[in-house]
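Peer 1: Chain H is fixed; fit chain B onto it per the hints.
Those protein sequences? They're chains H and B, same order as listed. Be aware that the first sequence starts at 1155, since it is given in this note's numbering, and climbs by one per residue. Be aware that the second sequence starts at 1155, since it is given in this note's numbering, and climbs by one per residue.
There may be inaccurate statements among the hints.
Intra- or inter-copy, both count: the list cannot distinguish identical chains.
When the alpha-carbon atoms are kept at most 25 angstroms apart in a straight line, the in silico DSS-like pairs for lysine-lysine are as follows [unchecked claim]:
#1 K1395 / K1359
#2 K1395 / K1249
#3 K1317 / K1359
#4 K1395 / K1374
#5 K1249 / K1374
#6 K1395 / K1317
By construction, these hints were calculated from the structure, which means they are not laboratory data.
Number of protein chains: 2
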Amino acid sequence: MTGLPPTALPPIIVLVRPQLGENIGKAARAMLNFGLIRLRLVAPRDGWPNPSAGPAAAGADIVLEQAEVFGSLAEAVADCSHVYATTVRKRGVTKPVMTPEAAARTIKADAAQSAIVFGPERSGLDADDLALARTIITVPINPEFGSLNLAQAVILCAYEWSKHVDLVQPTVEELLPPAPQEHLDGMLQQLTAMLEPLGYFEPAKRAPVTRRTLRSILTKPAWNHLEIRTFRGVLTTLSRKPRP
Amino acid sequence: MTGLPPTALPPIIVLVRPQLGENIGKAARAMLNFGLIRLRLVAPRDGWPNPSAGPAAAGADIVLEQAEVFGSLAEAVADCSHVYATTVRKRGVTKPVMTPEAAARTIKADAAQSAIVFGPERSGLDADDLALARTIITVPINPEFGSLNLAQAVILCAYEWSKHVDLVQPTVEELLPPAPQEHLDGMLQQLTAMLEPLGYFEPAKRAPVTRRTLRSILTKPAWNHLEIRTFRGVLTTLSRKPRP
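Next comes chain H alone, as it looks inside the complex (with noise of 0.2 angstroms):
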């Protein structure tokens, strides 16, 4: 580390299954207002490009045209090491809720990749899509008229991030970012493999909810890549024959 404070990177704004072409034109305005290009969209529901989507971004084409499409959420996060998922209801999740103020400070302290995730206009984000998300980012909102749409939710977390950008952060103790995602899904893959033929998965009808919390376990610990492969190395030795 030299002392200087590390480069923050803008976040990744991504979208799971919109429904309108219109939202994401709007989200796309909210973006550029505040500073931000990169959109990434999983799985949108009526295709991409979407004609809708162009005029409702009142200018914002760059945003539109760099805009990337993934099939799921896992493949559109898998190189970022902080996915922050944004909910307005209170969910069954115990991961750290952070409003969007404190998530932008978080984001800029830190110099690797964010995503921050929004849902489908109408449902939000569903439970798989939060397993894969460390943080949850909730605006404090009227508890007796909450009423945020897409844009809208997008437009205040870009808000956020976007100020006080051009001013030093804090130098950030030189710890090692938390790995990519994808070696997140390689190692809870091969910890699968080894539990499925042992019937950790049973009864059917469970083993979603089982690999939501194994997910989730495992998300928490915000291993670098470095432990990431150590634990991959218990994991290989562990599904070793015992010796004779």
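Peer 2: Only chain B this time, still in chain H's reference frame:
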């Protein structure tokens, strides 16, 4: 001053010569999300009430029903002690310019009634409107792409005001504390006992470092007692004999 914080009055939102009923509705929705109820309209282009406002308000009917209409901005802010005028672009006015964040702090530090004034969709506030304000609010925005619409400007100001107002804090999920250290030790003992016969701690002179690394990695997650129990279940499963 008693030293106690005065009771902050929520600001009144004033829309000057708004053009589209839809935008009045969106502004109402933005307000109510963050606990603001008092809306004043100055000479709305299409009169008032406006049938387009209701659907766009998405349920924020109370704001529209109680909206007051005035013929001029001077009348609309006559009973307000502090008038904040919003502009997006830099203007040739010699008044203090604040961010929404700074303005929210100022409004909350004050027991007097404040108004935040927004101009028409296309043109923004004119020089006469600005002359009525003591302070200008400008949202810091991408200098190469400034395209905030009326409802977005309202929501950012309302959002900033709502911060740290007790009523609108999110319900934070109850997070379980990390399990006591002895639970962690029990888990480590279980894992170590599984790894030893498989040669994980060889060569022997490396064993102390390897054990420390393992402890560090499994200390990092700060797993609670439920998570520890789940992980111990994983280990128990892994130590089963494969099925025939």
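Peer 1: With identical chains, the pair K1395 and K1374 could be close in the same copy or across copies; at 25 angstroms between alpha carbons, which is it: within, between, both, or neither?
Peer 2: neither (30 angstroms within a copy, 29 angstroms between copies)
Peer 1: Can you tell me if K1249 and K1374 fall within 25 angstroms by alpha carbon in one copy, between copies, both or neither?
Peer 2: Close inside one copy (8 angstroms) and across copies (15 angstroms); limit 25 angstroms.
Peer 1: For K1395 vs K1317, is the C-alpha pair at or below 25 angstroms within one copy, between two copies, both, or neither?
Peer 2: neither (56 angstroms within a copy, 56 angstroms between copies)
Peer 1: Between the shortest in-copy and the shortest cross-copy C-alpha distance, which are at most 25 angstroms for K1317 and K1359: within, between, both, or neither?
Peer 2: Neither. Shortest intra-copy (46 angstroms) and inter-copy (43 angstroms) distances fail the 25 angstroms Cα cut-off.
Peer 1: State whether the alpha carbon distance between K1395 and K1249 is at most 25 angstroms within one copy, between copies, both, or neither.
Peer 2: neither (36 angstroms within a copy, 34 angstroms between copies)
Peer 1: At 25 angstroms max between alpha carbons, let me know whether K1395 reaches K1359 within a copy, between copies, both or neither.
Peer 2: between (30 angstroms within a copy, 24 angstroms between copies)
Of the numbered hints given earlier, the model fails hints 2, 3, 4, 6; all others are met.
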